[in-house]
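Engineer: Protein chains in written order, with the working numbering: chain G, 26 to 296; chain R, 1224 to 1377.
These are computed hints drawn from the structure, not numbers from a lab.
Each hint can be trusted.
Ranges between beta-carbon positions, derived for each pair:
(1) R:Glu1295 / G:Asp40: 26 to 32 Å
(2) G:Ala245 / R:Lys1229: 55 to 61 Å
(3) R:Asp1346 / G:Ala209: 18 to 24 Å
(4) R:Gln1322 / G:Ala257: 47 to 53 Å
(5) G:Arg66 / R:Thr1343: 43 to 49 Å
(6) G:Glu44 / R:Asn1305: 48 to 54 Å
(7) R:Lys1229 / G:Arg86: 27 to 33 Å
(8) R:Tyr1363 / G:Gly249: 43 to 49 Å
Far from chain G, by Cβ distances over 10 Å, these chain R residues were calculated:
(9) His1237
(10) Thr1297
(11) Thr1318
(12) Leu1321
(13) Ala1347
(14) Ser1376
Where is the CB? At the ideal position from N, CA and C, for every residue including glycine.
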Amino acid sequence: MIPVAFDYHRPASVDEAIELLSDDAKLLAGGHSLLPAMKLRLSSPGALIDIGRIAELNYIREDGGTIAIGATTTHQQIASSDLVSANASALAQAASVIGDPQVRNKGTIGGSLAHADPAADYPAAILALGAEIVVRGSDGGRSIPADEFFIDLFLTALAPDEIITEVRVPAADKSAYVKFPHPASRFAVVGCAAASAGGAVKVAFTGVANAAFRDSGVEAALSGGLSEEGIAAAAARAADGQEVLADHFAGEEYRRHLAKVFARKALATIA
Amino acid sequence: MSVAIKVTVNGQTHEHEVEPRQMLVSYLREELGLTGTHVGCDTSNCGACTAIVDGQAVKVCTMLAAQADGAEITTIEGLAANGTLHPLQEAFRETHGLQCGFCTPGMIMAAWQLLERNATPSDAEVRHALEGNFCRCTGYDNIIKAVQHAAESA
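Here chain G stands alone, though its shape is the one from the complex (with noise of 0.2 Å):
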């Protein structure tokens, strides 16, 4: 399958590709998502800017309690990183999860997020560790909370002429990502993160609606803690009063019950 002609940039920095970014272009980076709907002809963008080399974007540091990725690192940097592991664990386990070896070794963290493919991996971890996406355009830098990125299918909060530069993930105490995968395409039927930190905990869904969401009711349900009867408790109000993906290999009504599962899976991991 041949995409439609366009354009190809490579630029050398975040700001010469912000200067080329238009209405018809796209950024490139793994291209793990973007290729293949152009192969299929969903996508048909008249240029594509390839900043997968620019070696500003690409890092895993700490900074002063937090964990700072930069939009390029790969699921694979992000699976094997001791440092994520350790402080944002959820992170690291949701990479180490993502589609199979070749696709982490290409997909990024940035190019994921701003896909925001409803059954993606990461965006439940970004959520339950609260995390904050740092983006660049041509009116200058902002951060936007991970509570406020998800919109929709397929859509966020980042501006056309917007670049994903950096995720800043808080460190956790403990924080956990389980999934019941596709079994062919390995995204997630359903997938639940958990994280705590300085007492509070947080729990958020991918796989299960329109966008990945933090389920306020699981998490005012723990207030009693993470006995087993609290988890069980708690996880019994997943989903509730959310609008529920159905499709021809999960309906509804077993994506629900997947998600108490996951969830009460996800709450013991970090008990």
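Add chain R to chain G, keeping to what the hints say.
Structural biologist: Frame of chain G, contents of chain R only:
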């Protein structure tokens, strides 16, 4: 528009002008004649097109040739040295790790990456590492044996 690229494939340097939309797998097969890298699903699911790009196993049906500018690439044709099969190739032959053979180059390149990262994998680790490679003959058990045979003989 065309893009000038320079790549080193199996130790040989090549320079070409490519169309931006040309995928690396088609460049390898059609420009360089290296047809050992197969096109299976053409949607980055099946892994038949796996090659090593700068030390990483990549599904090159989902990478532009332009993205590979400056890269060092190893395809299945580059594994054997001086007429001697690579231990992985020898192991696939020895343990009947292939039936029709279509998935084999991709399997071997993915297994190469695994053994480079983990020289003594468990069977479960081998299965996990080959998750992105499909064998439609379903000859998986002998593929696992082949990888373990190569790990032991290395």
